[in-house]
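Read off the chains here:
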Amino acid sequence: MEYVVEVENLKKSFGRNHVLHGISLKIKRGESYVVIGGSGSGKSVLTKCILGLIKPTSGIVKINGERIAKLSQKEMFKTLLKCGVLYQGGALFDSLNVIDNISFGLVYGYGKSIKEAYKIAIEKLELVDLSEKVAKIFPSELSGGMQKRVALARAIATNPDIIFFDEPTTGLDPITSGIISELIVKCIKEMKMSALSITHDINSLKCISDTVGLLYQGNIIWEGSNQELTTTDNPYVKQFINGSTTGPFTNRAAR
Amino acid sequence: MVFLERVGRTFLTFLSSIGSATLFLAKSVLSGVAPPYYWKQIGKQAIQMGFFSLPVVGMTALFTGMAMTLQCYNGFSKFTAENAIPSIVMIAMTRELGPVLTALMVAGRLGASMTAEIGTMKITEQIDALTTLSVNSYKYLVFPRLLIGLLALPFLVFIDDVIGLFGGYLVGVYYLDFNAANYIRNTISAISIWDIASGLIKGAVFGFLICLMGCYQGYLSNRGAEGVGKATTKSVVSSSILILLLDCVLTFVLF
Ligand SMILES: Nc1ncnc2c1ncn2[C@@H]1O[C@H](COP(=O)(O)OP(=O)(O)OP(=O)(O)O)[C@@H](O)[C@H]1O
Ligand SMILES: [Mg+2]
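Read top to bottom, the protein sequences are chains A and B.
Quick note: the first sequence uses our numbering, first residue 1, plus one each step.
Quick note: the second sequence uses our numbering, first residue 1001, plus one each step.
Honestly, I wouldn't trust all of these hints.
Computed from the model, here is a short list of chain B residues facing chain A with C-beta under 7 Å [stated by the list, open to error]: (1) Leu1004; (2) Thr1132; (3) Leu1133; (4) Gly1227.
Below are the BS3-like pairs computed for lysine-lysine, each with C-alpha atoms no more than 27 Å apart in a straight line [said to hold, decoys possible]: (5) A/Lys74 - B/Lys1027; (6) A/Lys133 - B/Lys1040; (7) A/Lys26 - A/Lys136; (8) A/Lys70 - B/Lys1040; (9) A/Lys26 - A/Lys238; (10) A/Lys62 - A/Lys74; (11) A/Lys82 - B/Lys1040.
It is worth saying that the hints were derived from the structure and are not from the lab.
We put the CB at the ideal spot given by N, CA and C, even for glycine.
Sequences are here, hints too, so could you generate the full structure?
Right, dumping it as structure tokens:
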């Protein structure tokens, strides 16, 4: 079986703050893996370690079978070109307007002409349910939910092999949230992309996931399929899905 | 003992920060000199630094030139050496005041905004986004600024020299009632290519330094608006002190 992402015994500490204690996970081609876990449990750090944006303390990370830490800079950028990333805060370039943001990877990464890139960018804009009217607007003038959708359009503009979604539906109304979840499913099913997503949105989770991993105190303490999510007896998963305040989760008590 | 320990630690921190700044510099220059070149970014910086700094620099120069002339007159008239005034103003402007004042004004105006802009990009994950869109952030953000810093400052220093001398002329002729033709003749005979060139060299060094500190501190910004604020202060203070220090060193070396 071919894996697009392989993580082995990944550890990351910031000084005395030990965030990840030895994570192992594998994502098959075409699979949608979703990481869930409490706020501050290290989900965003995990994604950034996989992408090589944060240097792990120890452990092995492979993307498309290649160890990203061992690659030359040129090869690293080539590998990253196959990855689309939606950042938790959007991370849109505020000096560029919406359409330049979306076409950035096409122009700078793939060297496409502006005209060609704009054409693709407009298509992606429609895909995330935004009209062409916002194309010339700057990110700071958009609402939070619109920024999220533009960021999503930018992440999928280059038709990457693997997409990383850090909370794609947070801050969206339920309907847009549903549209985005469907869009993610479409990317995976029709465009044959693989995905590593992070979400707190249970509806979206049930819609987009093939496999789910629960991150708790620096470890993936439970991993299972979409169906197992509702049938499992695991008390942690149950509490997380139901959002009950009583249960084994102690991260609030620990603070 | 505690005192020695603290001195030692400060010294080590100082050394390691010089080391990491040098590494930062090397990364930026090495990535920047290899094609492709981001002309759009370079042009944008040229306009920002070269053109939009003109009012600030011009105003500084005008007032300094005027004040210089007045002060010289107060001193020199005691020895009836008024004819030396144009040449003193010339030397002071081209060798010292031109480069130093221009650099200090630019450090306040541009060094600060550079750090704030890059720092904000850092904490809002925009720099990460550049990387995952396959663009080397050092090449895209830092190199254009360093290059233009190196080129724009000599230009600004030259403008500063000219306007400063003009300010001197205004005070000399219209306030102190010097003969205009005489004043101009004395000024022209005081022109020295080496004085002007040394000022331009200083300008280039200072410009490079301002942009290096501005970008470096931006990249070091910690999370949050407070981190960016602190980085901005650090950037302006450290480049101002370094400008004055290097001015002293360069004056020893060049004369
Ligand atoms: N650059 C950094 N420097 C120091 N500590 C960091 C850094 N980035 C993250 N952390 C720490 O790592 C821990 C995990 O952060 P992370 O952002 O991954 O949480 P998360 O699971 O994504 O939470 P959320 O669901 O709220 O986004 C936190 O304790 C945070 O303080
Ligand atoms: Mg997060």
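Checked hints:
1. Evaluation of the B/Leu1004 hint against chain A yields a violated restraint, the C-beta minimum of about 26 Å exceeding 7 Å.
2. Interface hint status for B/Thr1132: upheld, as the beta-carbon distance to the closest one in chain A is roughly 4 Å, under 7 Å.
3. Annotation: interface hint on B/Leu1133 holds; nearest CB of chain A at approximately 4 Å, less than 7 Å.
4. Of the supplied interface hints, the one on B/Gly1227 is violated, with its beta-carbon coming no nearer than about 15 Å to a beta-carbon of chain A, more than 7 Å.
5. Only pairs whose Cα atoms come within 27 Å are accepted, and A/Lys74 paired with B/Lys1027 is accepted, the gap being roughly 14 Å.
6. Annotation: proposed proximity of A/Lys133 to B/Lys1040 holds, straight-line Cα distance about 25 Å (limit 27 Å).
7. For the suggested pair A/Lys26 and A/Lys136, the alpha carbons sit about 40 Å apart, so the restraint of at most 27 Å is broken.
8. Straight-line distance between C-alpha atoms of A/Lys70 and B/Lys1040 comes to about 32 Å, which puts the hinted pair past the 27 Å bound.
9. Distance restraint check for A/Lys26 and A/Lys238: the Cα-Cα separation of roughly 23 Å lies within the 27 Å cut-off, and the hinted pair is therefore satisfied.
10. Taken as a hint, the A/Lys62 and A/Lys74 pair is honoured in the structure, with Cα atoms around 16 Å apart against an allowance of 27 Å.
11. Between A/Lys82 and B/Lys1040 the CA atoms are separated by roughly 25 Å; this keeps the pair inside 27 Å, and the hint holds.
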